[in-house]
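Protein chains in written order, with our numbering: chain A, -14 to 290; chain B, -14 to 290.
Hints were generated in silico from the structure; no laboratory data involved. You can take every hint at face value.
One copy or two, either will do: identical chains are not told apart, so a pair holds if it fits within one copy or between any two.
The calculated DSS-like cross-link candidates involving lysine-lysine, where the alpha carbons are at most 27 Å apart (straight line), are:
#	residue 1	residue 2
1	Lys171	Lys97
2	Lys213	Lys171
3	Lys21	Lys213
4	Lys213	Lys167
5	Lys167	Lys246
Number of protein chains: 2
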Amino acid sequence: MINSFDSLIRDAVSQQPPTLAVAAAADSYVLRAIRKAVDMRLAGAVLVGDRNEILRLCEAEGISLDGLWIEHAPDKEQACKLAVALVRERRAQVVMKGLVDTSVFLRAILDKENGIRRAPLLSHVAAFEVAGFDRLLLLSDAALNMYPNVDQKQGILENAAEVAKALGVENPIAACVCAIEKVNEKMQPTLDAAELVRRWREGLISNLRVTGPLALDNALFEALALHKGITDPLAGRADILLMPNIEAGNVLYKSLAYIAKARNAGVLIGAGAPVVLTSRSDHEDTKINSIALAIKIALYERSRA
Amino acid sequence: MINSFDSLIRDAVSQQPPTLAVAAAADSYVLRAIRKAVDMRLAGAVLVGDRNEILRLCEAEGISLDGLWIEHAPDKEQACKLAVALVRERRAQVVMKGLVDTSVFLRAILDKENGIRRAPLLSHVAAFEVAGFDRLLLLSDAALNMYPNVDQKQGILENAAEVAKALGVENPIAACVCAIEKVNEKMQPTLDAAELVRRWREGLISNLRVTGPLALDNALFEALALHKGITDPLAGRADILLMPNIEAGNVLYKSLAYIAKARNAGVLIGAGAPVVLTSRSDHEDTKINSIALAIKIALYERSRA
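Throw the hints in and build the complete structure from the sequences for me.
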């Protein structure tokens, strides 16, 4: 089981690295991250975007284009479509957003005719390496699905389970994070948690185990759950934190990244290929971790194909 | 300005300590915390509860009753009512919950005839001492108000401002924490944030300054807010984090307390006296910090009376 980003990166290096298609690659931050990932043998890369602009940036920043392929697409929307097409044609196994609006990029991915929809839902999974934990913690959804209903939450869980499996977690445990441990009719997340546990017990959700409702402390720390008298043997052992809404997800994400200063990565899952969607303000470490995570997922999918 | 719990405790010690009325005091955890607070000269105390049980526990645990007053009330509901009555009669300046259901305790406080309602709303304020910050961070509401509407959020802000002022923060800054920085009609917390900022700008909210919508990172870190191009001079400088819902509040509370391991305290505010409502599972440090915070608020209110 992969329990750190160092071990993830070691593990994601392969003899025949999957190929990354970068949509609207003409951005020095993105180009630097790609260069580094290729040098680390994590990935091959196709830079889709304005060729002249890419050449100009690489020259200005001293970024070598050795072994990188450029597909010329001066228009950003067109670049997104072309990057997605590369996945559809199996010439790339991971898609990455460059300097283009997220909405334009996602539209190309989700396009009914030419996109790469697969699962019922696309969701964001963040991975955190938190001091004191023997595992990476997966958090979903802190970015994409705002107020998921119980069916959407099931989709989020199933997507997150795929990430956990790619990280070598045999039978991941997902905790439905709420503000309390008891079902309270006035708190929808606790009702959803009970329903998701029921579905899992009845075999309607596979690939992972589900527990909840649990507050964060009792989702993550066995000793605290025991002390509180919680008897569910899955309490305190979560690999996956299912967040009740985007505010709770985002707050936990930011708290772990900026206050606990935990190394992290993010990926979109549920499309025909894992999607890297870092933002300019992300640390370079986060960008590389995110590429490594997406590549690891692509390798996992290749191994099952 | 008080920026740590050590300085809070130093500052809350006084020549004539306010009196704590403890409702249903027959609990060894509670009795130990009270003993310590009295020994530290933070508070005087009236133990309201079953006299025989209190005497038995103190003897069994070796807790001295020197300088503690017992008001006999064998029934827990009666004990709550009596503790509240002590505040109403100005014989106590802080109320603390002992071993009794929170709902029974709160009912006595909020009782229309015999309670100690004051502000339009009772809210929970948590204070955190987070490494790297030059101030205590106040978080509300992580415990009591589940899904506050914009008027209730205003009440939560006004209550939190009172806590900030008691800690010596001249003109506290409150950030309306959301998942993003822009108003989005699909995200009610961003609409509420804009409305609260408007009310503050128009002078309808006093005693504090309001900023938002902001994600947590941009509420707390000036450098990150600047890097993101946020021009509001209040961004990154929050003393008070107004949480959009109880799940986000609780998740941040648990993340700070159990992952960032930040020292903390909690108090209920908005009644005729500050209320200490710790739970058995809280660290003794948290119980003492909470008593000190409530006492400090009582001293602040005394100074203004």
